[in-house]
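Hey, can you work out the whole structure from these sequences and the hints?
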Amino acid sequence: MHLRKRFRVNAAISFGAILLLAVGLGLSWHASSRASRAEDLAKALQQQILERGIVKDEYLAYREERARAQWYAKTARLLDLLHSAGDAFDGPDERETIGEMAAIVERSKPLFGEIVEHPDARERDERGRALPNALQERVSTKMLLLYYDLYSHANRLVESASRRARSTQKTTLLSVMGMIGAVLAVTIINALMTSGLLERRIMRLRDGAERVATGNLGHRIAIEGSDELAELGQAFDNMAARLQETYAALETKAAEVGTLNEELHRQVVQLGAANGELEAFSYSVSHDLRAPLRSIDGFSQVLQEDFGDRLGADGEDALGRIRRAARHMGQLIDDLLKLSKVTRAELHRERVDLSEMARSVAADISRRDPKRQAEVRFADGAVVEADPRLLRIVIENLMDNAFKFTSKKADARIEFGTRDDDGRVVYFVRDNGVGFDMAFAGKLFGAFQRLHSTVEFPGTGIGLATVQRIVHRHGGSVRAEGVPGEGATFSFSL
Amino acid sequence: MSNRVILLVEDNPDDIALTLRALKKNKIANEVAVAHDGVEALDYLFGGGGRAKGGPGKLTALVLLDLKLPKVDGLEVLRRLRADARTKLLPVVILTSSKEDQDLVAGYSLGANSYIRKPVNFDKFTEAIRQLGLYWLVLNEPPPPALGGAPA
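Line by line, the protein sequences give chains A and B.
Take -9 as the starting number for the first sequence in the working numbering and just add one per residue.
Take 4 as the starting number for the second sequence in the working numbering and just add one per residue.
Think of the hints as simulated: they come from the structure by calculation, not from any bench.
Bear in mind the structure is a predicted one, so any value in this text is a computation, not a measurement.
Glycine is no exception: its CB is placed at the ideal position from the N, C-alpha and C atoms.
Just so you know, not all the hints are guaranteed correct.
[To be verified] Here are the computed lysine to any residue pairs in the SDA-like style, where the Cα-Cα straight-line distance is at most 20 Å:
1) K102/B with G298/A
2) K331/A with A109/B
3) K160/A with R382/A
4) K127/B with V292/A
5) K99/A with H73/A
6) K64/A with L40/A
7) K127/B with R357/A
8) K91/B with S117/B
9) K127/B with Y138/B
10) K102/B with R382/A
11) K328/A with P122/B
12) K27/B with F289/A
13) K328/A with N124/B
14) K71/B with F271/A
15) K433/A with R420/A
16) K28/B with K64/A
17) K74/B with S274/A
18) K127/B with L293/A
19) K328/A with K102/B
20) K160/A with I170/A
[As the list claims (entries may be wrong)] Not everything, but these chain A residues come out facing chain B in the computed CB check (under 7 Å):
21) G288
22) A315
23) R317
Written as structure tokens, this is what we have:
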């Protein structure tokens, strides 16, 4: 039952009880007014009987026509009253009394007629009053007896009516009190039932909400019935079910994330292991591969020095080639190690003055080869946030290349500079050396990629790969532009 | 000076031969004792079986120490030399193929006097040995033996 309906039913019950009370009151009032009407009627009868007696005595005394007419009128009135009293008095005793009273009145009529028919038999006293004779004496005595009888009957009626009025009052009082009690009882019981029901359900809702709130998502309130609280419970259960589903989905996702994390962690560990292996390998390479090269170069020289006279020109040439190859391989190993170091090394960014660095690198190169003539220009104020050790490798490689590839030019010109490229500062090293065909520009930055033979220009082909890796590690990019025979420009941003 | 011994700790026979040749080429006439691993080196310096190689009464002037050695490696040899009162001031030059930062740092931390990377190019190697000999055997004044400069 819906709460609204329940409240309406409660209201209807209260209204009905009050209505019942009102009807009861109405009925009681009716009964009591009937009782008091009966009392009034009985008193009126008494009055009439009394007056009729007085009129009869008056007639007996004065024999006036007026008194005689009044007596008859009062008798008719009395009979009328008695006749109509049947409505007010419905008890069998009362009806019998009324019937007897009517009979007495009827009996008194012939007696009064006898008095009227014998007017001569009379004498008067000094005040004109008729003196009683024997007949009169007899008749009037009979009538007096009838009068007393009638009066006592009327008295009985009055008493009966009063009794009835009193008992009606009592009944009314008792029934009103009883009804008020019943209405109160019904109202209180109804209220208690309703509030008990509401309280039980609301407690259940509250407990359910608390259990769900503490994490028991599988809990359901399941309030039976079809009222608003049941609907609320159902809505709550739906919400809890939805929450449970969402939570389950979340847990699945969390488990997936966990699995992915584990996977990632395992890969990190593997990567770490691989890195460690790489480091061990690099160490091994640097240590173990170089030792035999040293032997090759060293003992080739021993041959040259100790047995040079027996080798001849071809032997000398072969030994020279062996030594050059061994040194080149040593250089390759060193460069490869450097490339690998550049990849593994941690970045420590700080303020670096690239202009100053370029000047220092160019000075080092000139010191190594004082015979080289080149016009070198530097743009000032190229300050960046970068790893100075790695940046020095970049500048060294680019400067080395610039010196190397301008070595066959009479008027070698090298420039370190900066330019603005769509809001990004670009640093470049430009030379007027042999340059290169732009078709091969993409190959320049790959390891071991060379555009010139080692006879023309020495090198391992690892320098630009190292440059690119360092620049990429700083989040920048490199570019190479060149024209064969006119020069090259290598630029990078950080 | 030339009566004092140079201890060469090196396991590679080629490197031993080339080092000896470079020393000879640079006219460094000191006697050279060779230890082929860490254990031999320690025995030589602290009176084990190898002591006889150097001969009694000879002072050790310089140790040329490779790092990658069988049995006991070069860094461990250096650590023990520095821990012993008799050898804690003995000049030790690390002569190795490795240029790894960790080896450099470990070597200097343990009290190496110098760290030289053997070049592949034998001419450069010879030059390095020449400078070594000039510095440690001629120019450098060794600490007095009383201070533990070298074992008697």
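Checked hints:
no.: 1; hint: K102/B with G298/A; verdict: 33 Å, violated
no.: 2; hint: K331/A with A109/B; verdict: 18 Å, holds
no.: 3; hint: K160/A with R382/A; verdict: 123 Å, violated
no.: 4; hint: K127/B with V292/A; verdict: 14 Å, holds
no.: 5; hint: K99/A with H73/A; verdict: 17 Å, holds
no.: 6; hint: K64/A with L40/A; verdict: 10 Å, holds
no.: 7; hint: K127/B with R357/A; verdict: 18 Å, holds
no.: 8; hint: K91/B with S117/B; verdict: 15 Å, holds
no.: 9; hint: K127/B with Y138/B; verdict: 16 Å, holds
no.: 10; hint: K102/B with R382/A; verdict: 18 Å, holds
no.: 11; hint: K328/A with P122/B; verdict: 16 Å, holds
no.: 12; hint: K27/B with F289/A; verdict: 15 Å, holds
no.: 13; hint: K328/A with N124/B; verdict: 19 Å, holds
no.: 14; hint: K71/B with F271/A; verdict: 15 Å, holds
no.: 15; hint: K433/A with R420/A; verdict: 19 Å, holds
no.: 16; hint: K28/B with K64/A; verdict: 184 Å, violated
no.: 17; hint: K74/B with S274/A; verdict: 18 Å, holds
no.: 18; hint: K127/B with L293/A; verdict: 17 Å, holds
no.: 19; hint: K328/A with K102/B; verdict: 11 Å, holds
no.: 20; hint: K160/A with I170/A; verdict: 15 Å, holds
no.: 21; hint: G288; verdict: 4 Å, holds
no.: 22; hint: A315; verdict: 11 Å, violated
no.: 23; hint: R317; verdict: 5 Å, holds
Going down the numbered hints, you'll see the structure goes against 1, 3, 16 and 22, while the others check out.
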